[in-house]
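With the hints as your guide, set chain B onto chain A.
Number of protein chains: 2
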Amino acid sequence: MLNFEFYNPTRIVFGQGRYNDLDRLIPPHARVLVLFGGESARKNGTLDMVYQGLGKRHVESFGGIEPNPTYETLMKAVEQVRANRLDYLLAVGGGSVIDGTKFVAAAVFASGDPWEILLSHGANVKQALPFGTVLTLPATGSEMNSGSVITRSDIKAKLFFTNACVFPQFSLLDPTRSYSLPPRQLANGIVDAYTHVMEQYLTYPVNALVQDRFAEGLLSTLIEIGPRVLANPQDYDLQANFMWTATLALNGLIGAGVPQDWATHMIGHELTALYGLDHAQTLAIVLPAMLNERKADKRVKLMQYAERVWGLKEGSEEARIDAAITRTREFFESLGVQTRLSGYGIDAEAIPPVLKQLESHGMVHLGEHRSVDLDVSRKVLEACL
Amino acid sequence: MLNFEFYNPTRIVFGQGRYNDLDRLIPPHARVLVLFGGESARKNGTLDMVYQGLGKRHVESFGGIEPNPTYETLMKAVEQVRANRLDYLLAVGGGSVIDGTKFVAAAVFASGDPWEILLSHGANVKQALPFGTVLTLPATGSEMNSGSVITRSDIKAKLFFTNACVFPQFSLLDPTRSYSLPPRQLANGIVDAYTHVMEQYLTYPVNALVQDRFAEGLLSTLIEIGPRVLANPQDYDLQANFMWTATLALNGLIGAGVPQDWATHMIGHELTALYGLDHAQTLAIVLPAMLNERKADKRVKLMQYAERVWGLKEGSEEARIDAAITRTREFFESLGVQTRLSGYGIDAEAIPPVLKQLESHGMVHLGEHRSVDLDVSRKVLEACL
Chain A
1 MLNFEFYNPT RIVFGQGRYN DLDRLIPPHA RVLVLFGGES ARKNGTLDMV YQGLGKRHVE
61 SFGGIEPNPT YETLMKAVEQ VRANRLDYLL AVGGGSVIDG TKFVAAAVFA SGDPWEILLS
121 HGANVKQALP FGTVLTLPAT GSEMNSGSVI TRSDIKAKLF FTNACVFPQF SLLDPTRSYS
181 LPPRQLANGI VDAYTHVMEQ YLTYPVNALV QDRFAEGLLS TLIEIGPRVL ANPQDYDLQA
241 NFMWTATLAL NGLIGAGVPQ DWATHMIGHE LTALYGLDHA QTLAIVLPAM LNERKADKRV
301 KLMQYAERVW GLKEGSEEAR IDAAITRTRE FFESLGVQTR LSGYGIDAEA IPPVLKQLES
361 HGMVHLGEHR SVDLDVSRKV LEACL
Chain B
1 MLNFEFYNPT RIVFGQGRYN DLDRLIPPHA RVLVLFGGES ARKNGTLDMV YQGLGKRHVE
61 SFGGIEPNPT YETLMKAVEQ VRANRLDYLL AVGGGSVIDG TKFVAAAVFA SGDPWEILLS
121 HGANVKQALP FGTVLTLPAT GSEMNSGSVI TRSDIKAKLF FTNACVFPQF SLLDPTRSYS
181 LPPRQLANGI VDAYTHVMEQ YLTYPVNALV QDRFAEGLLS TLIEIGPRVL ANPQDYDLQA
241 NFMWTATLAL NGLIGAGVPQ DWATHMIGHE LTALYGLDHA QTLAIVLPAM LNERKADKRV
301 KLMQYAERVW GLKEGSEEAR IDAAITRTRE FFESLGVQTR LSGYGIDAEA IPPVLKQLES
361 HGMVHLGEHR SVDLDVSRKV LEACL
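Chains as they are written, first to last, in the numbering used here: chain A, 1 to 385; chain B, 1 to 385.
Bound conformation, chain A alone (with noise of 0.2 angstroms):
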């Protein structure tokens, strides 16, 4: 096992209809800016319902945060925040809003241009605004994590950043939220989750025993679950145990001692920024590449994947490895999401670009063995054709 610190002092409230909840998690003279994506959060009730938990509160909105939020959109929640003197953020979404939320808690401290959080990938935020969310698609963990994903439309450019400072103080995880997310965002939601635990498990092993059986026990339950919830958005234990699920993918926990890969997301990030594909249609594109393209660096947890997370145990090892990372692309294909470029219209005249801008943002070194230069990036893309 690696050395590792883990830390994160998130409160998670688990269960429906919690709102009044908000009243003691949030302090009683709090100037109160909400924030939320387009006008779901509205006509599904949710944003009534947090209203009304946060009671005589002054209480701002805004409004219109995008999928993969933009810098330029967030700072003029920054404005807004800056002009009334407003003191505490509540996210109302999903990952995109909660990111874009963690920009706008840190950037309102900036001292020179906040884009420099996304270049410094963090390292310089100093102090962030206290900030709680209301879950509204399980997907991305942003909401017990300390991460964000912010774009930038004018330079194409989606970076990350990751601070303490940003932590949410608190979660509100209501499952029924979920229950009338169109089935693209439900499928999506599970590719991101299924490929956050991928990320953290399938690379070298290091002898963590219990952070792989974590890991191979969300893998199981996304594969159990995922094309139920499809059918059944309106069953609650199911999206309970999605919710849970995808909060756990990405809270630190399984990342925690044990090498850490993340090419996937690197190249993925690109592909949104550039040609606008949804997160996890990237992800479900380049990861099944990603694992063929790097069998020999992964072979010994392709193996261990295969037979404990797929049930394969016959066959020689190089059928059992392709057979598993079949399986993850078929598991991909059955929620409905294309795992091919091709599949988005997307041909071999996109991948140059894709690697002048990985190269522009430094993405020269990926993996969790620094060896995926931008000749392993072009052959993984070629792949995803």
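Be aware that one or more of the hints could be misleading.
[As the list claims (entries may be wrong)] Label pairs and their in silico Cβ distance ranges:
id	chain 1	residue 1	chain 2	residue 2	range
1	A	His369	B	Gly276	50 to 56 angstroms
2	B	Gly345	A	Glu318	58 to 64 angstroms
3	A	Glu60	B	Tyr236	52 to 58 angstroms
It is worth saying that the hints were derived from the structure and are not from the lab.
All C-beta atoms in this analysis are idealised placements derived from N, C-alpha and C, irrespective of residue type, glycine included.
Just chain B now, with coordinates in the frame of chain A:
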């Protein structure tokens, strides 16, 4: 899944020899009381490394905290803290030292008799001194939770309290600190961690898929490494897995959103208080008898346990359940821990005093269904003979 709230702000610093990290983890002007048990922490060098890590801070020591730490001893530490205006505690030891430190941290602020903390099970705790821990014995999970069990010698009472004020601020987990533990303590630790998982897992199903998978992962890991840790106590990876497993067994995670039992623990506490058995010995005695007595209540989860943890898929349901309970007993015995009262020279005459103590401590509606009354406890104890 049941509604839940999960909050655990303890920072885990994991790895060999990270004592210099104490300097960053503890405020620079803290006046520190280092609490420890017997002489082993001094003999094996842990205390020296701790003192060095604390640098130029004002540091005092308080040794002699017993296994099953007593109110009487701990009140002397409370006096020392008050007399010398100490403001930070550092527990160096296993669960007894850490539990004792939690009591000291809370008792310093008690207005009346600090024993009230135990009688209220922590409900009356409003404030506690900040403290960290340096763990030397994997077992209780106290290093990452807010619970504590304290014994009062004069009235032979062993009671618990829990309060969010007594989460350790940090715990330094150095697997090499367990290298010199005697086999009995290692075996006790394995049994203790195993039983902690069982108290949260082996109840009735509530469709909490991830909690079940995580619990099964911890149990499988303990079964895999238990005998190997005893045979190779200086194997870093084995001790690292044991230490992290024991921490995760009782940090609130696997118990979030599921029913919990704890009847085995409550009966075990009385056996320790009256007859001086090691805590883990009492668990090894009571757990198999408890599972057997309450087979009907626990049927579905016993079947799942039999299949997923012990791989028992053949034979009648009854046979598989019996085999799983037998395997559990054999696992404890394989570690050298006796699982019958008779193995410790205790006979049927011991039972009535235990029942009397349970009654006087209000332990008359135990278990996940509150169905373990004195009659059930009596049957369980008779099956322990």
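Hints, verified against the model:
no.	hint	result
1	His369(A) to Gly276(B): 50 to 56 angstroms	holds (54 angstroms)
2	Gly345(B) to Glu318(A): 58 to 64 angstroms	holds (59 angstroms)
3	Glu60(A) to Tyr236(B): 52 to 58 angstroms	holds (54 angstroms)
Consistency with the previously given hints is maintained throughout, with no hint failing.
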